[in-house]
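S.K.: The residues making up each chain are set out below.
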Amino acid sequence: MSPDHLSATFSALADPTRRAILARLASGETSVTELAEPFEMSLPAVTKHLKVLQRAGLITRSREAQWRPCRLEAKPLKRAADWVEQYRRFWEQNLDNLEAYLRKLQQQEKKHGRKKS
Amino acid sequence: MAARNPSSTSVAERSAQHATFVIERSYAFPPAKVFAAWASREAKARWFGGPAKEWTLKVRELDFRIGGRERLVGTWAGGTVSDFDSLYQDIVPDRRIVYSYSMRIDEKRISVSLATVEFAPAGKGTQLTVTEQGAFLDGYDDAGSRERGTRALLDKLDAAIKQN
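Sequence lines, in order, name chains H and R.
According to numbering that gives the first Met the number 0, the first sequence is numbered sequentially starting from 0.
According to numbering that gives the first Met the number 0, the second sequence is numbered sequentially starting from 0.
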């Protein structure tokens, strides 16, 4: 079976800087300035990464005050996986049913063939 | 579930997550036979639908042609109604079917997807590949009942494997 490809959520995770940001946020919410500290990167560059994470629903940024704390949201990761899993399982079941149906059909055709001759 | 006027919903409450899955199967039947099972309402009704014990059919429509519509509406144990509403985009007889569909749960559109089904000859049989690319909308959450359902099924499977 081919591996799942979760696009927006996991492409957000495909960048090491963004992964590091998420790891830092797992310890608690913090400001953009604090997040930017470990990286040799301008604030706008960090903000760009935050936007990607935000769009993927992995972090939220509140509008309070000037420092706009960022918070980790772990649910979207789980949800995307859950949803895909449900759809996949629906298909696995139906493709099993398809096989059973084709086998039955073949048996019926064989029977019919014998009757004819 | 209360209906929402889109213009009154704040930006923060809307989201779209994208995901793709691929399933491959081998069938000991030629592509024409496998394809035929997808191509008529009568044949598809013999294998395509919700699980017998949990799901009751309400509407089944199939207009198998490019531009044709397919519809599958059913009720789940617990009262939830699912509505699969699909449009055929591409049909190559015995080789390929492409359709786009929306999934509604109790009237709410939870996903819109593109499905590609490919039938490849493999010896005397068929290699079937189903690829689905979906946009999952607005963080649909049915209070975890689906997750519980999935867990319950996985537990049953686990128990069944252990018994063997």
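These are calculated hints, taken from the structure and not from any lab test.
Note that the Cβ used here is the ideal one computed from N, Cα and C, for glycine as well.
Among the hints, erroneous ones may be present.
[Claimed, not checked] Here are the simulated DSBU-like cross-link-like pairs (lysine-lysine), alpha carbons at most 35 Å apart as the crow flies:
#1 R:Lys52 x R:Lys107
#2 R:Lys32 x H:Lys110
#3 H:Lys50 x R:Lys32
#4 R:Lys107 x H:Lys109
#5 R:Lys57 x H:Lys50
#6 R:Lys52 x H:Lys50
#7 H:Lys110 x R:Lys107
#8 R:Lys32 x R:Lys123
#9 R:Lys57 x R:Lys107
#10 H:Lys109 x R:Lys32
#11 R:Lys107 x R:Lys123
#12 R:Lys32 x R:Lys52
#13 R:Lys32 x H:Lys47
#14 H:Lys47 x R:Lys123
[Stated by the list, open to error] Take a look, some chain H residues computed to stay more than 10 Å from chain R by CB distance:
#15 Ser30
#16 Pro37
#17 Ala44
#18 Lys50
#19 Ala55
#20 Arg87
#21 Gln92
#22 Asn93
#23 Glu98
#24 Ala99
#25 Leu101
#26 Gln106
#27 His111
S.K.: Each of the hints needs a verdict: does it hold here or not?
M.R.: Evaluation of the provided hints:
Taking the CA atoms of lysine 52 of chain R and lysine 107 of chain R, the gap is near 24 Å; set against the 35 Å cutoff, the hint holds. Straight-line distance between C-alpha atoms of lysine 32 of chain R and lysine 110 of chain H comes to about 17 Å, which keeps the hinted pair within the 35 Å bound. This hinted pair does not check out: lysine 50 of chain H and lysine 32 of chain R have alpha carbons roughly 49 Å apart, beyond 35 Å. In summary, the hint linking lysine 107 of chain R to lysine 109 of chain H is not supported, as the alpha carbons are separated by about 46 Å, beyond the 35 Å threshold.
Pair hint lysine 57 of chain R plus lysine 50 of chain H does not hold up; C-alpha atoms about 43 Å apart against a cutoff of 35 Å. With a CA separation close to 45 Å, the supplied pair lysine 52 of chain R and lysine 50 of chain H exceeds the 35 Å bound. Taking the CA atoms of lysine 110 of chain H and lysine 107 of chain R, the gap is about 47 Å. The hint is violated against a cut of 35 Å. Among the hinted pairs, lysine 32 of chain R with lysine 123 of chain R is consistent with the structure: their alpha-carbon atoms are about 11 Å apart, no more than 35 Å.
Only pairs whose Cα atoms come within 35 Å are accepted, and lysine 57 of chain R paired with lysine 107 of chain R is accepted, the gap being roughly 17 Å. Proposed proximity of lysine 109 of chain H and lysine 32 of chain R is supported: the alpha carbons are some 14 Å apart, at most 35 Å. As the CA atoms of lysine 107 of chain R and lysine 123 of chain R are separated by approximately 44 Å, the hinted pair breaks the 35 Å bound. The hinted pair formed by lysine 32 of chain R and lysine 52 of chain R meets the criterion: a straight-line CA distance of about 28 Å does not exceed 35 Å.
A threshold of 35 Å between alpha carbons decides the hint, and for lysine 32 of chain R with lysine 47 of chain H the separation of about 52 Å lies outside it, so the pair is violated. Under the criterion of a C-alpha separation no larger than 35 Å, the hint pairing lysine 47 of chain H with lysine 123 of chain R is inconsistent with the structure, at around 53 Å. Every Cβ of chain R is farther than 10 Å from the Cβ of serine 30 of chain H; the closest lies at roughly 20 Å, confirming the non-interface assignment. With a cut of 10 Å on Cβ distances, proline 37 of chain H stays outside the contact zone with chain R, its closest approach being about 28 Å.
Once the 10 Å rule is applied to beta carbons, alanine 44 of chain H is consistent with being away from chain R; the minimum gap is 24 Å. Listed as outside the interface, lysine 50 of chain H is consistent with that label: its C-beta sits roughly 14 Å from the nearest C-beta of chain R, beyond the 10 Å cut-off. Its beta-carbon lying about 8 Å from the closest one in chain R, alanine 55 of chain H breaks the requirement of being farther than 10 Å from that chain. With a closest Cβ-Cβ approach of about 5 Å to chain R, arginine 87 of chain H is found to fall inside the 10 Å limit, against its non-interface label.
Interface exclusion of glutamine 92 of chain H from chain R breaks down, the closest Cβ pair being 6 Å apart, not more than 10 Å. Not every Cβ of chain R is farther than 10 Å from the Cβ of asparagine 93 of chain H; the closest lies at roughly 5 Å, contradicting the non-interface assignment. Not every CB of chain R lies more than 10 Å from the CB of glutamate 98 of chain H, the least distance being 6 Å, so the non-interface label is violated. Against chain R, the non-interface label of alanine 99 of chain H is violated: not every CB pair exceeds 10 Å, the least being about 7 Å.
With a cut of 10 Å on Cβ distances, leucine 101 of chain H falls inside the contact zone with chain R, its closest approach being about 5 Å. Every C-beta of chain R lies more than 10 Å from that of glutamine 106 of chain H, the closest at about 12 Å, which supports listing it as non-interface. Interface exclusion of histidine 111 of chain H from chain R stands, the closest Cβ pair being 15 Å apart, more than 10 Å.
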